[in-house]
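Given chain A, put chain B with the ligands in place with the hints provided.
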Amino acid sequence: MSDAILEVRHLSKSFGSNEVLRDIDFDVRPGDVTSIIGASGSGKSTLLRCINLLETPTSGDVLFHGESVITGGVNPNKYRAKVGMVFQSFNLFDNMDVLKNCMVGQMKVLKRSAAEAEANAMKYLERVGMAPYIKAKPRQISGGMKQRVAIARALAMDPEILLFDEPTSALDPEMVGEVLAVMRSLAADGMTMLVVTHEMAFARDVSANVVFMKDGVIWEQGSPDRLFREPETQEARDFLARFMER
Amino acid sequence: MDFFSDIGALLAQYWETYLRGMGNTLLLAVVATLIGCVIGLVCGILNTIPCSKNDPPVKRFFLGLIRAIIRIYVEVFRGTPMVLQAVFIYYGLPYITNNAFRFESVWAAAILVVSINTGAYMAESVRGGIISIDPGQTEGAKSIGMNHFQTMTSVILPQAIRNIMPQIGNNFIINIKDTSVMFIITFTEFFAVHRNIVALNYKYFPSATIEMVGYLAVTLTASALLRWVEKRMDGKSSYELVQTDNLTMAAGTYSHPDRGTPFDERSTEFGGKEGK
Ligand SMILES: Nc1ncnc2c1ncn2[C@@H]1O[C@H](COP(=O)(O)OP(=O)(O)O)[C@@H](O)[C@H]1O
Ligand SMILES: [Mg+2]
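Chain order of the listed sequences is A and B. Take the first sequence: its letter number 220 is residue 250 in this note's numbering, and every next letter is one higher. Take the second sequence: its letter number 64 is residue 881 in this note's numbering, and every next letter is one higher.
Each hint should be verified, as a subset may be incorrect.
[As the list claims (entries may be wrong)] Result set (PhoX-like, lysine-lysine): computed pairs, CA atoms no more than 25 Å apart in a straight line: (1) K1048/B <-> K130/A; (2) K994/B <-> K1020/B; (3) K130/A <-> K141/A; (4) K1053/B <-> K165/A; (5) K165/A <-> K1048/B; (6) K108/A <-> K870/B; (7) K108/A <-> K876/B.
[Stated by the list, open to error] Anything over 12 Å on all C-beta distances counts as not near chain B; from chain A, calculated: (8) D53; (9) G61; (10) D62; (11) M115; (12) D124.
[What the hints assert, rightly or not] Pair ranges (Cβ atoms, derived): (13) L882/B <-> D188/A: 35 to 43 Å; (14) S1055/B <-> D245/A: 45 to 53 Å; (15) G71/A <-> L880/B: 30 to 38 Å.
No lab work stands behind these hints, which were simulated from the structure alone. We put the CB at the ideal spot given by N, CA and C, even for glycine.
Next comes chain A alone, as it looks inside the complex:
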């Protein structure tokens, strides 16, 4: 099991007396896409935020290449540079243009030269189809474009894994496709990704493993074929049925 890039072990998180995550346990293997599905409020965002240490887990552990990022004396900033995150609300830097958004982390955190950072940023901005817009400020582009820039910003750090928290949920329907297309192409290239999503077609097509959560607990996980077609738990059946009714 130790070939996993990320191992979440018995992770729990409480806000005060509110237990939001309970005994979460799963692995992410290099090159795999792992999707997390579940109704809103089930703790998916909190789980991602615990994984990249935006929240401190109450108990349990997160292992990165077998090493604990919580007790192992790992510098959180260095670790986060290797674990990219794409947020539902983009979280771009409003004071910088598209190109600077993708350069600042490389220069400040990875200490790359401006030329090096720019070349790398351009590589990924081209990849997400945003190269023509490098001079635009975030407020001047659409949601779908912002999200593609956010993906390029994360990729420019050359992370080993990318976390996505409902990357298309804040987008107008006609922009969902352009972001999913980028994610599909990353998956096809073997990028390791952990994706919280409501896009079931995407989860089904690209995931190696699908994790179903409800009320802060993993009810089942497995291959998308199995989980979508023959869910074992009543909870997963109910969720999928309700999802398809809409």
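Quick look at chain B with the ligands alone, frame taken from chain A:
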């Protein structure tokens, strides 16, 4: 008319004195506003250092102490008139400390008083400016490994400072006018010049008119200048497309994968958009 000829006579005789007074007023206002902004920035930054229940008690103690000191500073200097502060610092300090602590230069005293006054006002503005920036941007910065200092200097402060430019401008204009109380410590700014001149010739009203027009001319210029700076900070309202080649242009436009293919995001089978 007597009035206009009096003004003309005053200007003919004292124009240099008036001008020098206005020069001193402006210099004091500019320097004190800048230093005040730095003080305000430092206080605002210290006030917004994140502090959670998980932090070590020592850190929490010091952060609490710093916040209490800043609070007292802000309340005392905002809550008392600047004239009295000037009197306390320029005359009071040497008196209390038996001349161990006294100002050799009235300039130093004036700059100090106006700066710490401005700082007290700016501290709250800066704090407000910082917390008004969407915390999502802080998380975005954290998520790529930036530390608190890098996040502040690269992302938050540039936006916070832009947002509080109107308050900085307000403080600057208030300082241009309110430095007039510095005559109390014999600082010869624009208003002190007026007092000195009318003491010699009793042309109160003509001289006061010169003062009014002088102050208004300077504050109007300052407002216009500040608005120009704000505009420049906002940058262009449009952007140019950078065209490399047709391939990258086309890469930005996405069309849904064909219906019926495994990539069809509109498929109703798994709750795609069309099913809703
Ligand atoms: N910072 C917080 N403080 C208190 N409660 C929180 C906090 N963040 C999330 N929660 C609670 O945790 C639960 C799970 O939230 P979340 O992880 O956002 O779920 P999901 O992403 O699956 O919709 C919710 O009930 C939410 O109210
Ligand atoms: Mg969520």
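TODO: Take a quick look at D62/A and tell me if its Cβ sits farther than 12 Å from every Cβ on chain B, holds or violated.
DONE: About 18 Å separates D62/A from the closest Cβ of chain B, which puts it past 12 Å; holds.
- [ ] For L882/B and D188/A, compare the CB-CB distance with the range 35 to 43 Å and indicate the outcome.
- [x] holds (42 Å)
Task: Pairwise beta carbon distance, S1055/B to D245/A, judged against the given window 45 to 53 Å - done: holds (48 Å)
Open item on the list: Please check whether the beta-carbon of D53/A is more than 12 Å away from every beta-carbon in chain B.
Closed with: Consistent with the label, D53/A stays out of reach of chain B, its closest Cβ about 21 Å off (over 12 Å).
Open item on the list: Between the alpha carbons of K1048/B and K130/A, is the straight-line distance 25 Å or under?
Closed with: holds (21 Å)
Open item on the list: Checking one constraint from the list: CA of K1053/B to CA of K165/A, max 25 Å. Satisfied?
Closed with: Holds, because 10 Å separates the two Cα atoms, which is no more than 25 Å.
Open item on the list: Checking one constraint from the list: CA of K108/A to CA of K876/B, max 25 Å. Satisfied?
Closed with: OK: K108/A and K876/B at ~23 Å, within 25 Å.
Task: 25 Å Cα cutoff - pair K108/A, K870/B - done: holds (23 Å)
Task: No chain B beta carbon within 12 Å of M115/A's - done: violated (4 Å)
Task: K994/B paired with K1020/B [C-alpha distance capped at 25 Å] - done: holds (21 Å)
- [ ] Quickly compare the C-alpha distance for K165/A and K1048/B to 25 Å and report which way the hint goes.
- [x] holds (18 Å)
Open item on the list: The output says D124/A does not contact chain B. Does that hold with a beta carbon cutoff of 12 Å?
Closed with: Non-interface label fails for D124/A: nearest chain B Cβ at 6 Å, not farther than 12 Å.
Of the hints listed earlier, those the structure fails to meet are numbers 11 and 12, in rising order.
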